[in-house]
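Asker: If you read the sequences in order, they're chains S and X. Heads up: the first sequence is residues 3 to 395, going by my numbering. Heads up: the second sequence is residues 3 to 395, going by my numbering.
Among the hints, a few may not be true.
The list makes no distinction among identical chains, and a pair is therefore deemed to hold if it is satisfied within one copy or across any two copies.
[Stated by the list, open to error] Derived DSS-like pairs: lysine-lysine, alpha-carbon spacing no greater than 30 angstroms straight-line:
{"id": "1", "residue 1": "K65", "residue 2": "K207"}
{"id": "2", "residue 1": "K263", "residue 2": "K70"}
{"id": "3", "residue 1": "K285", "residue 2": "K63"}
{"id": "4", "residue 1": "K70", "residue 2": "K290"}
{"id": "5", "residue 1": "K285", "residue 2": "K70"}
{"id": "6", "residue 1": "K391", "residue 2": "K361"}
Keep in mind the hints are simulated off the structure, nothing from the lab.
Protein chains: 2
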Amino acid sequence: MPENDLSRTVVNAVNAAEVAFSKFITANDTGATGAHQAGFYLHKSSWPLYFDEPGIRGSNKDKTVRIKWHDDFETESRFIYYGTGTRNEYRLTRFGRDFPFLRDENVGDLLVLCKMNAEEYKGYVLSSDEDIDNFLDALGISSPETNRLIKAEPPPDEEQPLLQQLFSNYVAGLDRNFPQTEEVADSARRLLMQASNQQLPDIRKAPDKEILRWIDAEYQLFRDIESDYYAEVISRPFENMDSFVQIANSVLNRRKSRAGKSLEHHLSFMFEAFSLRFKDQPKTEGKKRPDFIFPGEDEYHDLSYSTDNLIFLGAKTTCKDRWRQILNEADRIKTKHLFTLQQGISSGQLKEMRIHGVKLVVPKEYITAYPPEHRDEISPLIDFIGYVKEKQS
Amino acid sequence: MPENDLSRTVVNAVNAAEVAFSKFITANDTGATGAHQAGFYLHKSSWPLYFDEPGIRGSNKDKTVRIKWHDDFETESRFIYYGTGTRNEYRLTRFGRDFPFLRDENVGDLLVLCKMNAEEYKGYVLSSDEDIDNFLDALGISSPETNRLIKAEPPPDEEQPLLQQLFSNYVAGLDRNFPQTEEVADSARRLLMQASNQQLPDIRKAPDKEILRWIDAEYQLFRDIESDYYAEVISRPFENMDSFVQIANSVLNRRKSRAGKSLEHHLSFMFEAFSLRFKDQPKTEGKKRPDFIFPGEDEYHDLSYSTDNLIFLGAKTTCKDRWRQILNEADRIKTKHLFTLQQGISSGQLKEMRIHGVKLVVPKEYITAYPPEHRDEISPLIDFIGYVKEKQS
Chain S
3 MPENDLSRTV
13 VNAVNAAEVA
23 FSKFITANDT
33 GATGAHQAGF
43 YLHKSSWPLY
53 FDEPGIRGSN
63 KDKTVRIKWH
73 DDFETESRFI
83 YYGTGTRNEY
93 RLTRFGRDFP
103 FLRDENVGDL
113 LVLCKMNAEE
123 YKGYVLSSDE
133 DIDNFLDALG
143 ISSPETNRLI
153 KAEPPPDEEQ
163 PLLQQLFSNY
173 VAGLDRNFPQ
183 TEEVADSARR
193 LLMQASNQQL
203 PDIRKAPDKE
213 ILRWIDAEYQ
223 LFRDIESDYY
233 AEVISRPFEN
243 MDSFVQIANS
253 VLNRRKSRAG
263 KSLEHHLSFM
273 FEAFSLRFKD
283 QPKTEGKKRP
293 DFIFPGEDEY
303 HDLSYSTDNL
313 IFLGAKTTCK
323 DRWRQILNEA
333 DRIKTKHLFT
343 LQQGISSGQL
353 KEMRIHGVKL
363 VVPKEYITAY
373 PPEHRDEISP
383 LIDFIGYVKE
393 KQS
Chain X
3 MPENDLSRTV
13 VNAVNAAEVA
23 FSKFITANDT
33 GATGAHQAGF
43 YLHKSSWPLY
53 FDEPGIRGSN
63 KDKTVRIKWH
73 DDFETESRFI
83 YYGTGTRNEY
93 RLTRFGRDFP
103 FLRDENVGDL
113 LVLCKMNAEE
123 YKGYVLSSDE
133 DIDNFLDALG
143 ISSPETNRLI
153 KAEPPPDEEQ
163 PLLQQLFSNY
173 VAGLDRNFPQ
183 TEEVADSARR
193 LLMQASNQQL
203 PDIRKAPDKE
213 ILRWIDAEYQ
223 LFRDIESDYY
233 AEVISRPFEN
243 MDSFVQIANS
253 VLNRRKSRAG
263 KSLEHHLSFM
273 FEAFSLRFKD
283 QPKTEGKKRP
293 DFIFPGEDEY
303 HDLSYSTDNL
313 IFLGAKTTCK
323 DRWRQILNEA
333 DRIKTKHLFT
343 LQQGISSGQL
353 KEMRIHGVKL
363 VVPKEYITAY
373 PPEHRDEISP
383 LIDFIGYVKE
393 KQS
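Please put together the full structure from these sequences, using the hints given.
Answerer: Here is the structure:
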């Protein structure tokens, strides 16, 4: 009877693990690219999951382990480092026949690997949007922060010390209310641009990369605010379970609510940076309010305005199941563009989307996670913006 | 984009409230009984929500308040105590025209009223099974514990001090592992029977009442174990958000998992108490495993065994949306009995159920929460047991 059992099981496994890692399964992993035997590519930073030290260029290295999948069946699989020739990569291979998690339909699922101890590994694959979101929210991970160890420090980058300083100042200046999602999103973006010494022209050069950086920065700022906001209450003993659970609900509910609107805020800012005309949350039919209509709500309701020049854009961080929600959000516009942070979708789902007139807009670096035969149909954000600009010129 | 926003909003409101109250909306409330003007009957124990002291027999008393519903629109409504004549009851009335929460389809929804301060009230109505479960789980309330103030001490009853003592001894005897759901359910029932000096013949006299007492006792024992289990960790300062969130996830995930199987354990015990032949979690077609088949799995698969003597029973604490899940769980048995703790279902849904061959089995005292014209179709547990017994005699 309980729903969401799986995401809870996986959160518990990660919490009990020595080291844990997550990544979205790509078309390359499942072998849909035809380039090689199927297996999971693992980011270089994942080496503590299976080795005592990173692989060294010039030689290969491997380790065979037993992995228990979904607390059910085991595989004897192999972590391998390829360091010879031009290669420098880690993979997890050998799952035997009938392994159920390396099929086309697993593209876009979230793989979670847990090292429980030196001998014991657990593996899970989360498929539904809801399970994936619940898992990421519970652990406070943003979807661009996958493909790395869970709970590891984020890799330092150039502007990091300055940005961290700006974030600290910002947090110190807050009053005792937790700022609204939009305020956190805007501040994170503003401070990141300041730390990186960026102006709007810099943003316009690489919108696909920038929007991911904004999302990353926003999560980081959110966690800084959270740490400060709850610092006192979690450092004092709780009187009883009720008072503990009250704070626990407040923290976890806030994390779940956070992700909701921020993608839309960042997209709005981006469209403004490109001087596009648009309306967010426009009314269409009845009570329906899609995320964006270009150039605006008035034009949408002006039947003399050419339908050809109306553009629809939905925005969903994950959309493996949820893409259907946008289908009836604007009757006049047959083609539904959908911006998503989804790192890969199966070719079966992509065909369904095509039939229903859904066109994906995806940050450029994520497009390689999609099956090759569909990549042409997927626009990076910069191309989508160019398309809108042309219609509006 | 975020799911379950509503249940989280309501949990937050309850946590911020001075006093809060919840109840399942009944057919009587919505006026489906035709007996009176629509309005919510409130349990006598709810008086702190609106008065400084309980109503006194012999006179009426009322208070007009503004209630903000779903953080959206307000009503100027009236709490009223009827104490004259033979009456002794509290109601909440006056919502104006077009009030959306007193319709037939609201029967079985969960009403939550929060007194934020002397002047400010908030009201919410949760409709989906998922929202209702999320809400109750987050606050650690069992569904029989509704219709009272939230977080108030449960009313003391006769065996309470002895039962509390037995529970304390049980908890003190546990090792450092949290016991499994089935173990908690069995122990709570056993200790309750001991505290009440009951034997199986006593149980057989009133199965409808006993099963609710078991569920109540199980929740109480669960919370006792939980308090003990986490006592140390919540009394020490947490090092950082990560360590707090890890425990928060563990506590809340455990609460959500708890409810899952316990209803089935209690029903199994009850059927054994009546010496019924049954199989829980039998295999039917493919991978399907319904909750119960009478008299057993072998008979189900023996095509020479008369279909007339096969009985199906599903078990779901809430089933407003989820009842459809049982429809294809056993092809041979057209009539699907469904045991539920659901306190009321709209007549629209009940008609749908009838069309699909679903027959409800509901603890006797909850049947009055259902629309009168459907009560005949609903069996109390004792009648269902009698029906099975007859088939097996």
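Asker: At most 30 angstroms between C-alpha atoms: does K263 with K70 qualify within a copy, between copies, both, or neither?
Answerer: So K263 and K70 pass the 30 angstroms test across copies only (24 angstroms; inside, 37 angstroms).
Asker: Between copies, within a copy, both or neither: which fits K285 and K63 at Cα up to 30 angstroms?
Answerer: neither (58 angstroms within a copy, 46 angstroms between copies)
Asker: How would you classify K285 and K70 at a CA-CA limit of 30 angstroms: within, between, both, or neither?
Answerer: between (49 angstroms within a copy, 25 angstroms between copies)
Asker: If the cutoff is 30 angstroms on CA atoms, where do K65 and K207 land: within, between, both or neither? Let me know, please.
Answerer: neither (43 angstroms within a copy, 63 angstroms between copies)
Asker: Could you place K391 and K361 in one of the four classes (within, between, both, neither) given a Cα distance threshold of 30 angstroms?
Answerer: Within. Shortest intra-copy distance 17 angstroms satisfies the 30 angstroms Cα cut-off; inter-copy 59 angstroms does not.
Asker: First find the shortest C-alpha distance between K70 and K290 inside one copy, then the shortest across copies, and answer within, between, both or neither for a cut-off of 30 angstroms.
Answerer: Between copies only: 24 angstroms across chains, 45 angstroms inside a chain, cut-off 30 angstroms.
Violated hints, listed in ascending order, are 1 and 3; each of the other numbered hints is respected by the structure.
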